[in-house]
Amino acid sequence: MPTDPLFELDDISVAFNGRTVVDRLSLSVDTGETLALVGESGSGKTVAALAALNLLPDNAVVSGRRRLAATDLAALSRRQWQTVLGNRIGFIFQEPMTSLNPLHTIGRQLGETLRLHQGIRGEPARQRCLQLLEQVKLPRAAELLKVWPHQLSGGQRQRVMIAMAIANNPQLLVADEPTTALDVTVQQDILALLAELRDQHGMGMLFITHDLNLVRRHADRVCVLHHGEHQETGSIEEVFTRPRSSHTRELLAADPEGRPGPVLSANPLLAARQLAVSFKRPKRLLSRRPPAFEAVAPLDLQVAPGETLGVVGESGSGKTTLALALLRLVSSHGEIDFDGVRLDQLHGEALRRQRKEIQVVFQDPYGSLSPRMPVADIVSEGLRFHHPELSDDEVKQRVRRTLNEVGLPEDVAQRYPHEFSGGQRQRIAVARAIILEPRLIILDEPTSALDRTIQKQLVELLRDLQRRHGISYLFISHDLAVVRAMAHRILVLREGQVVEHGDSEQVLTRPGSDYTRTLIAASSLASDSTP
Amino acid sequence: MPTLSPISRRRLQVFRHQRRAWWSLWLFSILLVLSLGAELVANDRPLMMQYQQQWYFPLWNDYKDTDFGGRLPTSADYHDPFTHQQINENGWMLWPVIPFSYDTIDMQLTHPAPSPPDARHWLGTDDQGRDVMARVIYGFRLSVVFALVLTAGSLILGVLAGGIQGYFGGKVDLIGQRITEIWSGLPVLFLLIILASLVEPNIWWLLGIMLLFSWLGLVDIVRAEFLRARNLEYVRAAKAMGLPSRMIMWRHVLPNAMVATLTFVPFLFTGAITTLTALDFLGFGLPPGSPSLGELVAQGKNNLQAPWLGITAFVTLATMLSLLVFIGEGIRDAFDPRHVEHVSTAEGVGNAH
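Just so you know, the protein sequences line up as chains A and B, in that order. Here the first sequence stands for residues 1 to 531, where the numbers follow the working numbering. Here the second sequence stands for residues 532 to 884, where the numbers follow the working numbering.
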């Protein structure tokens, strides 16, 4: 241990209204090193960092010593904090979509940081902005200065955020889940960039994340938090090979394991032929209508009873659109054949009756349940509509049985969605789907908003349901580890085109395209997680 | 009793924390209840009486003058000195607090009308010798009930029109929007003035005409909410479940759209009251003789030598509208999620001490 760390927290505790959220956390970051603060959602990792930097609301009670180089952070006045934050400490937030002000250009937002802390204006400020944008490897920096945030992609925005964070040559960079909202391939680039900048500028970096794969590759030391309690701190090698705390072991073992069960029959249940979705683009005055945007290029797919087809792709690849097309929720071209019924030719009442055979579970466990209905109503709604002959008691019975089946306790029926955690909500969404006894469930990124340990449980639940009821799944995800645990076959999509389509094992071990190889490399699948 | 959802409970709590809105709601409710029972508070007939050992309930039954020793076969006038004396000699009468109705013309004024406030007429009389207090009570009731019906009506129409446009979107939305735009271009005030020359406007005519236009303000809000909600995942899930559109709109979209809509309602309400008052003031409103606040304002303007008319009208309207605006503000803040944080912060600080 070096004698004088750059940034040090000693016995930091944070409490809200008498409830302790972080309990006696100590950590230190040295110059030129990355310390990863790891924990599941709700473990207090972000709160700890915010507390150290005095960014929590007034009702938080923070105790303990915190120090940046020779400065005692706890003793700073509000005014002095302004000279520390953004100047000696740079901060990168999780959400690149909302952390830039949509009403100012990139150049202006970058310039503001420079003006506030260094008093640079005019041409020198412009020069510095250009230099910063080049440092974060954004192409055409001069043009970018005049660009609005909404014109940039998520990765580009995060680079702008990084440029803002390093604008004043901070000693410490705090990155709070800097890549969680980004695609896997972009994640790697951003983290590599951060490491490079850290070495160039001699900064220390506090990297807050839930993703152990990223930690393994991009951090020097790691500190594990669980429910606000410090589990262990150590070098990457130590913690990953000889974890001391049981929770760390649990986290490390949380990659979804196992393989899907056997397929029931070879005859396809769902077959789509030349299915394509395109959106008309708006016509400008006095110009011709631009060609339609092709969200999904014509593709064929089949799902057999009891089989899972994994659809893999990054954001914007058209995988959700494909799901909506199969559900007949967006208009599409081509044939959709479901067990001998041509879905694409059904309309109105007939289509609505057919819908109970294909159900859907969405990505966002917070948005997919109506916040104003108790769980019993949410789960039973479809049942009551499709089977009006059932009595209230029978409906109640079915709801109880279904909730039981997805592993929720008895008493949840009368409660409202906001009382549940993300994993429980996703179970409610699954219950809502299976209560209709569908033959196919479309799962649109059902695990991506959940913690690893919860993901694993959900994957096991889904496989179990498949075994018991012979349900087919269309499983959409960007996470190859989860897809491998679920899918029999994999379809890789990129910008609406099918890149690869084949047996799961084959696609993942002997990918036929460069794109698939990049995806596999980015998600650090190959190395170790095969049990 | 149906249990409130936790969200509603939290909103109620926030609303109660805002003392101004909470007290306004109480005060307004009390005034409303009092004015709904206006016949019991201000009436030119006794509530009950005993005459020659017999019970009479003039409030519910019409008695002839001849019943009480008079000579005319018309309804009894209990203010008539002769009848008054007859009854008091042979029994007793229980009068309401204010022994005048809104259209009672007091024949025993000691001053020429409009007479100033005194013990007999607490707020004086107007230029036709009618008790101002009684007219205010009845006028308050009429305004509030009118506004209530108008608001309810516009709410139904506005939510229906906005909901259909927003939920279905596309061509329905485009055509619906153009129609509402054209419709909102029609001049309401001129229509009402033209109407006043064609028919004798009564409260139903006014209500009908104003209802034709007042829902337009709601359409935009409701439409925007429905447009937003139709792509939410739980709405998609409901569609994928095969529920028909009307059920999805009613169960999934409307409850969420109502939040934004409800905050608009108090202001619709005050708007309705103001419009009715303005029309009455101009003389295009309710038929002559109706207890209307607008007419009181007009009388105040015409009788500047009798300031109690103008002052009463002003105070009544100002109180009523302020209370409603305060309540509206409270509702708006209660539905504002950011406000909840504020309250909890305040509590947190309180606990820390």
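Keep in mind that the hints were calculated from the coordinates and are not lab data. For each residue, glycine too, the CB sits at the ideal point set by N, CA and C. Treat the hints loosely; a few may be bogus.
[To be verified] If you anchor each label on the Cβ, the simulated ranges turn out as follows:
{"id": "1", "chain 1": "A", "residue 1": "Lys137", "chain 2": "B", "residue 2": "Arg550", "range": "27 to 35 Å"}
{"id": "2", "chain 1": "A", "residue 1": "Phe279", "chain 2": "B", "residue 2": "Leu729", "range": "23 to 31 Å"}
{"id": "3", "chain 1": "A", "residue 1": "Asn101", "chain 2": "B", "residue 2": "Arg759", "range": "54 to 62 Å"}
{"id": "4", "chain 1": "B", "residue 1": "Trp781", "chain 2": "A", "residue 2": "Gly340", "range": "33 to 41 Å"}
{"id": "5", "chain 1": "B", "residue 1": "Leu717", "chain 2": "A", "residue 2": "Asn101", "range": "36 to 44 Å"}
{"id": "6", "chain 1": "A", "residue 1": "Gln397", "chain 2": "B", "residue 2": "Arg759", "range": "33 to 41 Å"}
{"id": "7", "chain 1": "A", "residue 1": "Arg401", "chain 2": "B", "residue 2": "Arg759", "range": "34 to 42 Å"}
{"id": "8", "chain 1": "A", "residue 1": "Phe16", "chain 2": "B", "residue 2": "Leu717", "range": "49 to 57 Å"}
{"id": "9", "chain 1": "B", "residue 1": "Phe588", "chain 2": "A", "residue 2": "Ser391", "range": "48 to 56 Å"}
{"id": "10", "chain 1": "B", "residue 1": "Leu717", "chain 2": "A", "residue 2": "Gln82", "range": "54 to 62 Å"}
To see whether the hints hold, each was checked on the structure:
1. A:Lys137 <-> B:Arg550: 27 to 35 Å: Between A:Lys137 and B:Arg550, where Cβ atoms are some 56 Å apart, the hint is violated.
2. A:Phe279 <-> B:Leu729: 23 to 31 Å: violated, 52 Å
3. A:Asn101 <-> B:Arg759: 54 to 62 Å: violated, 22 Å
4. B:Trp781 <-> A:Gly340: 33 to 41 Å: holds, 34 Å
5. B:Leu717 <-> A:Asn101: 36 to 44 Å: Check passed, 42 Å falls within 36 to 44 Å.
6. A:Gln397 <-> B:Arg759: 33 to 41 Å: Given a distance of about 37 Å, which is inside 33 to 41 Å, the answer is holds.
7. A:Arg401 <-> B:Arg759: 34 to 42 Å: Because 35 Å falls inside the window, the suggested range holds.
8. A:Phe16 <-> B:Leu717: 49 to 57 Å: Holds, at about 55 Å.
9. B:Phe588 <-> A:Ser391: 48 to 56 Å: Holds, at about 52 Å.
10. B:Leu717 <-> A:Gln82: 54 to 62 Å: holds, 56 Å
The structure shown violates the earlier hints numbered 1, 2 and 3.
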